[in-house]
Each structure stands twice: as structure tokens, then as C-alpha cells.
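Q: One-letter residues, chain by chain:
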Amino acid sequence: MAAMMAAPVAALRAWSEAAARAETAAREALAATAPLLDSLAALAAQMRAAQRLPWDATALGAFPELRARLWRKQRGAAEALLEQLGQRREELRAVRDAVGAAGSAVLRLVEERDPAELGLAAVLRRGPRCPSLADVLEGLQDVERYYRHLYLEIKLLLQRLSLDSLADVEALPQSWERILERYKEDDVVQDTLLKVSLFLENHHEVSCSPGS
Amino acid sequence: MAAKSPPDSTPRRPVLSVSARKIKDNAADWHNLMMKWERLNDNGFTTANKIVNMRISEQFQDNKLEIACDNSATEPEKPTPKYNEELDNCCAELLETLKQMTKIQMKMEKLTSTTKAICDLETFHHGAGNCKAPFFHTWPTSYFYEVCLKLSEMYKKELQLKQTIVQDIAHSADQDLMMVYLSSWLYQPYIDNSSMLLLEAMLLETGHRQC
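Residue numbers (my numbering), protein chains in the order written: chain A, 1131 to 1342; chain B, 58 to 268.
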């Protein structure tokens, strides 16, 4: 039993390390996204105020080209913020890819095993403190799906963004907060990490026990 | 003036003429002044932001009072505007920032006129349309003056805008206008993005920056 599980256990250990790294990277990318969205929303509010202002009726009316110049500067600042947001999106894409690759490696390894060697019973065997290999593999797929969806959310959010609809840009922090709320409730990453660590711990004990 | 100048004590560098030395120092001064201006701009923005926040919360309080007065059966009495010490301090702070920016802009104009004087001196010595070798790498002396003038004009217009903002920011009741004031202060519409390029090109030409 211990011998036939040796390869999946090693692959799961590698997955566990990759998932922990990915979780840190995702947390950092998400933390860095919120202030950028706040800045972009504040900038959109300024741009809308400039659109509404009756320039000629104010003290600023005396300044030639001011409106167009300010608009150019604001657009430039907005584009710089969008670029930074694009970098955060790419970080989340890298997280998705890393978790996907680590998960695929484990699944491929299990699929390539001879069914006689790693039978259905072994895959489904579950202990009081140990999830089955099937449970663990399901968790891996859940985590992969979690990061894939998270990446798609930010990708779609940024894709829909247009500086021509400033009211939507101004509402960005609220939209983002709603997305995050949904993901905060989902403990799939922590649950799966725990599941994998229990599985690894158990199989370490089995492989180290004298009768194994 | 040349006799008073200390001899160049760094033997590895080629000895620059007095005019070239002056242009090189001017380029360094431009860099320092522009960096100082940016710092003051950031500080000024923080102060202006506080002023706008205070004005908006004052307006909010006034609106609440007006609603309370409308609802009460007693003789409506317009609340007297109370002295806001914090707002007064912020205004004084912003004025001080503007004063320092004015000083910087004056120094920039002085640098420009010095460069113009060097150009005039060159013309006097060698005549107009001469093909004298450039002081540094490729720039003719007149190009230094053109760059100084461009930069100086940008900062001059920007300072005028800032003066208007400072005069009105604490008196305006229009929130859109206050927001435009803040945005204009922060993004400095009259200072083109090319200003940094011009500065860096000047620093590169004069040898302050290495290729």
C-alpha cells in the first residue's frame, strides 16, 4: 500500500508547496488591487466633476486649454493605474497556471498508474483522520477551479472597464468588494490544504510504521 | 569673473570653459528645483485635500442645521459662520507652500536668463550663425536656452494656476469646482510630460547622467 502510494504522495507534497506559494501570491495580488481600484474610482470622480463644471463661469475659465490639458493628464493617470491593475491580473493568472500545473501533475500521475496497482478500493479508502485519495483529488480540482474563477472575475472586471463610462469606474471598489465577499466565504483552498496535509501525514505514518 | 573661478581640480575630466561650467551647474540646479517643486506639490496637495474635506463637512453640517431650522417652530435664525482654526491653519500652510513654489519659479526664470546671457555672450564672441563646436556633446548653446525657456514657461503658467486655486479653494461652495481644483493641483496640467524628458536630456548632455 505504502509503495503504490509513494509516487502520488510525493506529487501531492509538491502540490501542497505550490498551493501554499500560490495562496500567498494571490493574497498579495488581491491586497494590491484594492488601493488601485480606489485610486481609479477617485480619479473617475474627479473626471466627472470636470465634465460637469461650467468652466467659463469659474475662476478657471481664464486659463487657456486648461480643461483639455487636465483631461489629458487625468487620462494618462487612469491609464497608468489600468496598467498596474493589468499587472495584478497577470499575477493572478500566474497563480492560476501554477496551481493548474501542480494539480494536473498529480492527476496525470494517478491516471497513468496501472489500475491493478492502484485499484478503486485503494483510491476510495478513507480513515477516521485521513481523507481518501479521491477526496484529495477532488479538492485539488476545486482549488484549481477557485483560482480559475478568481482570475476570470478580475479579467472580466477589467475588460468591461472603459474610461468612457466614468460612473461605472467610480463604482469599481463596490463591485470588487462584492466579488471578494463571495470568495472570502469559500474556504476551499484552506480546506484542501488541510485535507492534503492529513493525507500526507497519514501516509507518512503508514510508510514509517514497522509493518508497512 | 574667470580669474575668480577656482581651477578645475579633477584632472580626469576635461577642463570646461566658464560658460560650459555655468550651463552644467544650471542643469543641476534645474534638477534640484524640479524635484523640490514636486515635493512641495505633494505637500500642497495634502493640505488642499484637508481644506476641501473640511469645507465639505462644513457644508454638510450647515445643511443639517438648515433642515433643523426649517423643522423648528421658532423664528429661523441663520447660524453665524464659526471660526475654524484648523481650516485657517491649513490655508496658511497652503499659502506658505505657494510662497516657496513662487521662489522656485523665480529661480527657474533666473536660470533661464543666465542661459540667455551665455547665448548672447557666445554670439558676441563668435558672431551669429557661427559653427562653434558644442560645449558638451551635440547641443548648440542656443538649445540649452530653448529648453530652459520651455520649462520656465510651463512652471510659470502652472504657478499662475496654483495662485488662483489657493485664492479660491477655501471660499468655493461648489463641490465639483473644489474637486477640479484638487485634481488640477495634483496633475499640474501646464507641466507637460515632456518636462522630465527635457530635464533628463539636459542632464545627459551636460554629463550629469551617463549613457
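Since the hints were made in silico from the structure, they are not lab data.
Certain hints may be false.
[As the list claims (entries may be wrong)] Computed cross-link-like contacts, DSS-like style, restricted to lysine-lysine with a CA-CA straight-line distance of at most 25 angstroms:
id : chain 1 : residue 1 : chain 2 : residue 2
1  : B       : K213      : B       : K156
2  : A       : K1203     : B       : K173
3  : B       : K164      : B       : K107
4  : B       : K160      : B       : K81
5  : B       : K81       : A       : K1203
6  : A       : K1203     : B       : K93
7  : A       : K1203     : B       : K213
8  : B       : K107      : A       : K1203
Q: All hints, please: hold or fail.
A: Results of checking the hints against the structure:
For the given pair, K213(B) sits about 13 angstroms from K156(B) by alpha-carbon distance, which is consistent with the 25 angstroms threshold. Distance hint between K1203(A) and K173(B) is unfulfilled; the C-alpha atoms sit about 31 angstroms from each other, more than 25 angstroms. Between K164(B) and K107(B), the direct Cα distance comes to roughly 29 angstroms. Violation of the 25 angstroms bound is thereby established for this hinted pair. With a C-alpha separation of about 21 angstroms, the suggested pairing of K160(B) with K81(B) holds against the 25 angstroms cut-off.
Distance hint between K81(B) and K1203(A) is unfulfilled; the C-alpha atoms sit about 31 angstroms from each other, more than 25 angstroms. Distance check on the hinted pair: K1203(A) and K93(B) sit about 21 angstroms apart at the alpha-carbon level, within 25 angstroms; holds. With a C-alpha separation of about 18 angstroms, the suggested pairing of K1203(A) with K213(B) holds against the 25 angstroms cut-off. Only pairs whose Cα atoms come within 25 angstroms are accepted, and K107(B) paired with K1203(A) is accepted, the gap being roughly 22 angstroms.
Against the hints set out earlier in the document, violations occur for numbers 2, 3 and 5.
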